[in-house]
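Chemist: Residues per chain are reported as follows:
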Amino acid sequence: MDNRMQIKGKVFKFGDSISTDHIAPGRLFHLRTNLPELAKHVLEDADTEFAQNVQPGDFVVAGKNFGLGSSREHAPTIIKIAGVGAVLAQSFARIFYRNAINVGLPVLICDTTQIDRGDELEVDVGKGEIRNVTKGITIQAKPLPDVMIKILNDGGLLEHFRKHGGFALDA
Amino acid sequence: MERSRTRLVSKTIVEKILSEHSGLDAYAGDIVVADIDAALVQDGTGPLAVQQLQKLGMEQAANPERTVLFIDHAAPSPRKELSNAHKILRDFAAKTGAILSEVDEGVCHQRMVEDYMNPGEVLIGADSHTCTAGALGAFATGMGSTDVAIGIASGKTWLRVPETIKVYVTGEFKKGVYPKDLMLHFIGMIGADGATYQSIEFCGPTIDAMDMSGRFTLANMAVEAGAKAGLFKTDETTKKYLEERGRGDRWREIAADADATYERVVEIDVTDLEPTISCPHTVDNTKTISEVVGTKVDQVFIGTCTNGRIEDLRIAAQILAGKSRNPNTRLLVCPASKEVYLQAIEEGILAKLASAGAAIINPGCGACVGVHGGILGDGEVCLATQNRNFQGRMGNTEAFIYLSSPAVAAATALEGVIADPRKYL
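Which chain is which? The protein sequence lines are A and B, in order.
FYI, in my numbering the residues of the first sequence are 48 to 218.
FYI, in my numbering the residues of the second sequence are 159 to 583.
Hints may be right or wrong, so weigh each one.
Which bits of chain A does chain B cover? Going by a derived footprint, with three or more residues having C-beta under 8 Å, they are [unchecked claim]:
#1 70-79
#2 110-119
#3 144-158
#4 204-212
25 Å max Cα-Cα, derived BS3-like pairs, lysine-lysine [to be verified]:
#5 B:Lys324 - A:Lys111
#6 B:Lys445 - B:Lys332
#7 A:Lys87 - A:Lys57
#8 B:Lys213 - A:Lys87
#9 A:Lys210 - B:Lys213
#10 A:Lys55 - A:Lys174
#11 A:Lys197 - B:Lys314
#12 A:Lys60 - A:Lys182
#13 A:Lys111 - B:Lys445
#14 B:Lys333 - B:Lys445
#15 B:Lys213 - A:Lys197
#16 A:Lys55 - A:Lys182
#17 A:Lys111 - A:Lys60
#18 B:Lys238 - A:Lys87
#19 A:Lys210 - B:Lys314
Below, a sample of chain A positions facing chain B; criterion: calculated Cβ distance under 10 Å [as the list claims (entries may be wrong)]:
#20 Asp63
#21 Asp193
#22 Val194
Source of the hints: derived by calculation from the structure; they are not laboratory data.
Cβ coordinates follow ideal geometry from the N, Cα and C atoms, glycine included.
Bound conformation, chain A alone (with noise of 0.2 Å):
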């Protein structure tokens, strides 16, 4: 995966507060060792026709503290196994932030008040651009952390620790 690259896709747009149990709910565990059966379900507590709906490159749009609460990396694979080109949002909780780039699910920091659900968009992951084609606006994100820039360009933290045989952040 490259963070340069450009995704097309339409928006589904959420609120404030998406946490992990809208994402990947706890009644819902005994899926965990089947992603790809659980990635059926994503977000469903949230919008229970998204995952049917959702097309490869979409956008998950939400408000602020997106992925609260619990741990759980399923959260961010599921939406990566989904198709989800990105996730934008105003602020994200911290341990979604850091799995989705973990997992290699880019997640741009941005003003989504003036993108809506059904808007076409067209991000530039590298330069955190976004570009709402629907409204003919341009947003800028904010840069991602050089640090997570490294692990997202290298496929996730896996694919950096294969690589380099471990840490390998410096500049």
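Starting from the structure of chain A, add chain B where the hints point.
Modeler: Relative to chain A, chain B alone:
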């Protein structure tokens, strides 16, 4: 925050611990690769961690005697998929020498402080409430399965040294008001994202006078304010706790420097604090008891890593002894660990609670995660002593969860509606 590095000498607790563990002179904002002293996974996150190590060809534990795999979230297993997930952890333990904490032993965070963690150490855990061990003056933080997997195999992790919010607490708790009320009040005040990416240091005379059980409750819920860790300095109370567990020699002084740099200071006086409740569906949606008294409750749940300790069960028993729960409200009690469970048996607490109409659940996470042991029905209301009330948390998106202290929970079990415990104390 821009800092002039050369002039900095004073450090917060987290800056000290992460400097020691990285060999760097580290301050907030720095990225460090730190040695870890201990690591934990549980049955919801551990199987994925093991699978990641298998992919990496590194099915190993750098420090097996302090790598602990807990079967607590679905314990004993309620379904075959989870029984198979448990096997992955048992096999990994057998292969690497890592410690397996079985279905009888209790919640990971309570077990870590009882048996494994010491002041000044670094713990990473694949569970968000790993921050509980911060009460012992350790840096303890929750991460995902892959981060912890790599920590287990290599003995290291990368961290951004967090800024610290100092929470300075004064005043004496009035009767019927507890550290849980303080923590819910604090989270309501700063918000569920009020401390995101930062650590919290709890200090002040109220904290100095607080027992370890109360400190664990505060540290446990640091993540509910978005924090990376919740830390305490060590003192005689910490020392006594370790001595009682045969680890008196592991006590050491941990404290921030007097002029350390804080992101901000939050002062709280608990003198007039009232029993506080988090209302559905976020922890920061807090109200004082008088605003919610009378709300009908179908299930009361006392337990978890937040409030399932012996001190919590004693309070519940004090209120419920010789009485009966409301016939329309079921009561579940789940001691946090086997040690707590045995102590509660010895003190006659479980007999009192069972006689009052409690269903006693084996030590573990119990009903908190929505996997087993008390899943809610459509439209039902639960009042629980746990740390989280997100929609769907207890297995049903159509249910409503309130959070409180064990005292409020016990009083509520008696009345069948949210009740003020102070009249029973």
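Chemist: For a quick check of understanding: which of the numbered hints are violated here, in increasing order?
Modeler: none
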